[in-house]
Amino acid sequence: MSRRKPQNKPQTSQEFAKFTENDFLPTTREEMQRRGWEQCDVILVSGDTYIDSPYIGVAVVGRILEQMGYRVGIIAQPDVESDADITRLGEPRLYWGVSGGSVDSMVSNYTATKKFRNSDDYTPGGKNDRRPDRALSVYCNLIRRYFKNTVPLVLGGIEASLRRVTHYDYWTNKLRKPVIFDAKGDILVYGMGEITVEELTRALDEGRDYRDIRGICYIAKEPRDGYIELPSHDTCLKEKEKYIDLFDRFYDNNDPISAKGLCQQVDTRYLIQNPPNDYLNETEMDANASLPYTREVHPYYAKDGKVKALETIKFSIMTHHGCWGECNFCAIGVHQGRTIRTRSENNILAEAEEFNKYRDYKGIIADVGGPTANMYGYECDKKLKHGTCDHQRCVDATRLCKSMHVDHSRNIGLLRKIREVPGVRKVFVASGVRYDLIIADKQHGYSYLREMVRHHISGQMKVAPEHTEDHVLDLMGKPGKQTLIDFKKLYDRLNREEGKNQFLTYYLIAAHPGCTERDMHSLKNFTTHELGMNPEQAQVFTPTPGTYSAVMYYTEMDPRTRKKIFVEKDTMRKEKQKSIVIKKENFKSGFGS
-19 MSRRKPQNKP QTSQEFAKFT ENDFLPTTRE EMQRRGWEQC DVILVSGDTY
31 IDSPYIGVAV VGRILEQMGY RVGIIAQPDV ESDADITRLG EPRLYWGVSG
81 GSVDSMVSNY TATKKFRNSD DYTPGGKNDR RPDRALSVYC NLIRRYFKNT
131 VPLVLGGIEA SLRRVTHYDY WTNKLRKPVI FDAKGDILVY GMGEITVEEL
181 TRALDEGRDY RDIRGICYIA KEPRDGYIEL PSHDTCLKEK EKYIDLFDRF
231 YDNNDPISAK GLCQQVDTRY LIQNPPNDYL NETEMDANAS LPYTREVHPY
281 YAKDGKVKAL ETIKFSIMTH HGCWGECNFC AIGVHQGRTI RTRSENNILA
331 EAEEFNKYRD YKGIIADVGG PTANMYGYEC DKKLKHGTCD HQRCVDATRL
381 CKSMHVDHSR NIGLLRKIRE VPGVRKVFVA SGVRYDLIIA DKQHGYSYLR
431 EMVRHHISGQ MKVAPEHTED HVLDLMGKPG KQTLIDFKKL YDRLNREEGK
481 NQFLTYYLIA AHPGCTERDM HSLKNFTTHE LGMNPEQAQV FTPTPGTYSA
531 VMYYTEMDPR TRKKIFVEKD TMRKEKQKSI VIKKENFKSG FGS
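With the numbering used here applied, the sequence shown corresponds to residues -19 to 573, in that order.
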């Protein structure tokens, strides 16, 4: 495999915060002409507006390909009723890269109770009027409408990644085919896709067969020898337990070291999923983070209004990819992977220092973290050598695997060094933090939380217990409530020691599979008497593709035991569960509650 060499960070010729269209990837024919281009090699189509940021997948892919020497254009949120946008750059030489955006389009467009969302943080002006439902399919149809017999359509992003096999779709309440069939795509890149995109682009450019490249799916007439055959789409429709079998095999074959290839019959053809591609190493993580992002919205789109998402990510630092927490309602493990890949401290510090070049930077770093902020800097040696374990999790509702040695020391050192970077006034950690890992780290957990309380919390720290009833937590894959009690005691103690009065706020979920109204009353009782607070918000569970919780919701079974579980499916009763826990109570709150 050809891997990129480490590179120094390229610098733009423009003064920072005074970017012109030429500092971005082209979005119009005029921008192409100014560069002397007649044709793009690759055109990326996205459900988000064009934010040139290391947090935005399409921007990362575009900058990687640019660095490789390819001519890349971007069409963001095209008008799907005309050819005005989709034909703006012409037809690419190699392929179209199609993404629904940073969020699955159905999750982005609808609430858990299936009400249309009026706002979209990734659209200029904030009005949700630019992202179509099932964006991948709509964009692919749009391209084929105006470009007959065009170059390959390559699907990517989270919508493609999580819908790549037969999956439960909450919004139609049925199993849907792998999205490559519905969208009529040619190739699907799953996971983070950085190495896969490089290898696929070279193969297409050189006219080579791409079908052995890891990290892709494609459609074939026959199954592939040596690949695990999943239950067919038709079989899953007829037997819910077969769908559980499918998801088990799908979930267990997501690690680059241990996974095998998969195939699934869909009507008369087969989905072929090659094994996952390698994860980026530290040098490659640094190189991708150091590409010449402007951290701005392209002027072509910025004229239509502010983009709320940029406020959060512009002066934030992503320290790592991946999460081994494996919450059953979360798809990060399937999309990003269950192994932590970190950037080097020097690279992270260089990014913090570079913020000083932006005129609107006030010395405030909004976030330093990743999917789970306090997983930076350590991993299981066994997993790094042999891949993730089958049917054994790093952490579950009752324990932390003895092979996972939690160690916050490197994270503590990193945060201290960032605070010392010239120009930095305040550094926040807004990413999720696993409080059970803080409790589990007997050597450095106390010091890490003290560091957070002293320097990195903006008045309140957000934690995600989600629930308190053991049988619900078990189905969620979350730690027991005693861990939360222990954490709160430690948090309150540190606030007293530091002379601070910072609060804890809690993310809570209503109507998760297995949860009844009685469970919500118990949760309410716990928050009132043990936590000393009235929850102001709770979210109704949304079954999203690529998660075990969605499997539970559809099958009404515990996937491990195949025993029937209660699943609330009535919208009004879901809302009632939520209302139980957020109902106001009169009580005296305790310190730090």
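No wet-lab data here; the hints were simulated from the structure. The reader is advised that the hints may include incorrect statements.
Once the Cα atoms are required to be at most 20 angstroms apart in a straight line, the calculated EDC-like pairs of lysine to aspartate or glutamate come out as [what the hints assert, rightly or not]:
#1 Lys201 with Glu219
#2 Lys554 with Glu431
#3 Lys283 with Asp450
#4 Lys154 with Glu536
#5 Lys240 with Asp370
#6 Lys218 with Asp228
#7 Lys543 with Asp450
#8 Lys543 with Asp258
#9 Lys549 with Asp149
#10 Lys220 with Asp149
#11 Lys288 with Asp340
#12 Lys362 with Asp258
#13 Lys220 with Glu536
#14 Lys164 with Asp247
#15 Lys240 with Glu219
#16 Lys543 with Glu219
#17 Lys480 with Glu497
#18 Lys286 with Glu536
#19 Lys406 with Glu431
#20 Lys397 with Asp472
#21 Lys218 with Asp247
#22 Lys362 with Asp340
#23 Lys406 with Asp225
#24 Lys362 with Asp347
#25 Lys422 with Glu359
#26 Lys554 with Glu1
#27 Lys556 with Asp538
#28 Lys220 with Asp258
#29 Lys504 with Asp538
#30 Lys294 with Glu334
#31 Lys294 with Glu209
#32 Lys556 with Glu477
The calculated label-pair distances, taken between Cβ atoms and stated as ranges, are [unchecked claim]:
#33 Gln462 with Gly206: 11 to 21 angstroms
#34 Glu262 with Glu291: 28 to 38 angstroms
#35 Arg15 with Ser427: 43 to 53 angstroms
#36 Gln13 with Arg125: 46 to 56 angstroms
#37 Arg15 with Lys549: 46 to 56 angstroms
Fair warning: this is a prediction, and the values are worked out from it, not measured in the lab. For every residue, glycine included, the Cβ atom is placed at its ideal position computed from N, Cα and C.
Here is what the structure says about each hint:
1. Lys201 with Glu219: Violated, at about 24 angstroms.
2. Lys554 with Glu431: Given pair Lys554, Glu431 is violated - Cα atoms ~39 angstroms apart, limit 20 angstroms.
3. Lys283 with Asp450: Violated: Lys283 and Asp450 sit about 51 angstroms apart, past 20 angstroms.
4. Lys154 with Glu536: holds, 13 angstroms
5. Lys240 with Asp370: Holds. Lys240 to Asp370 sits at ~12 angstroms (cutoff 20 angstroms).
6. Lys218 with Asp228: Within the cut-off at roughly 17 angstroms; holds.
7. Lys543 with Asp450: holds, 17 angstroms
8. Lys543 with Asp258: At roughly 36 angstroms apart (the allowed maximum being 20 angstroms), Asp258 and Lys543 break the hint.
9. Lys549 with Asp149: Holds - the C-alpha atoms of Asp149 and Lys549 are around 14 angstroms apart, at most 20 angstroms.
10. Lys220 with Asp149: holds, 14 angstroms
11. Lys288 with Asp340: Holds - the C-alpha atoms of Asp340 and Lys288 are around 15 angstroms apart, at most 20 angstroms.
12. Lys362 with Asp258: holds, 17 angstroms
13. Lys220 with Glu536: Holds. Lys220 to Glu536 sits at ~9 angstroms (cutoff 20 angstroms).
14. Lys164 with Asp247: holds, 14 angstroms
15. Lys240 with Glu219: violated, 24 angstroms
16. Lys543 with Glu219: This hinted pair holds, its Cα atoms lying about 15 angstroms apart.
17. Lys480 with Glu497: The given pair, whose Cα atoms are some 37 angstroms apart, is violated under the 20 angstroms limit.
18. Lys286 with Glu536: The given pair, whose Cα atoms are some 43 angstroms apart, is violated under the 20 angstroms limit.
19. Lys406 with Glu431: Given pair Lys406, Glu431 holds - Cα atoms ~13 angstroms apart, limit 20 angstroms.
20. Lys397 with Asp472: violated, 26 angstroms
21. Lys218 with Asp247: holds, 14 angstroms
22. Lys362 with Asp340: violated, 45 angstroms
23. Lys406 with Asp225: violated, 49 angstroms
24. Lys362 with Asp347: Violated - the C-alpha atoms of Asp347 and Lys362 are around 30 angstroms apart, more than 20 angstroms.
25. Lys422 with Glu359: Distance of about 17 angstroms is within 20 angstroms: holds.
26. Lys554 with Glu1: Distance of about 47 angstroms is beyond 20 angstroms: violated.
27. Lys556 with Asp538: violated, 24 angstroms
28. Lys220 with Asp258: Judged against 20 angstroms, a Cα distance of about 33 angstroms means the pair is violated.
29. Lys504 with Asp538: Roughly 25 angstroms separates the two Cα atoms, so the pair is violated.
30. Lys294 with Glu334: Since the Cα atoms of Lys294 and Glu334 sit roughly 12 angstroms apart, the hinted pair holds (cutoff 20 angstroms).
31. Lys294 with Glu209: violated, 44 angstroms
32. Lys556 with Glu477: violated, 40 angstroms
33. Gln462 with Gly206: 11 to 21 angstroms: violated, 46 angstroms
34. Glu262 with Glu291: 28 to 38 angstroms: holds, 29 angstroms
35. Arg15 with Ser427: 43 to 53 angstroms: Distance hint for Arg15, Ser427 holds at roughly 51 angstroms.
36. Gln13 with Arg125: 46 to 56 angstroms: violated, 25 angstroms
37. Arg15 with Lys549: 46 to 56 angstroms: holds, 54 angstroms
Comparing the model with each earlier hint shows violations of hints 1, 2, 3, 8, 15, 17, 18, 20, 22, 23, 24, 26, 27, 28, 29, 31, 32, 33, 36; every other hint is respected.
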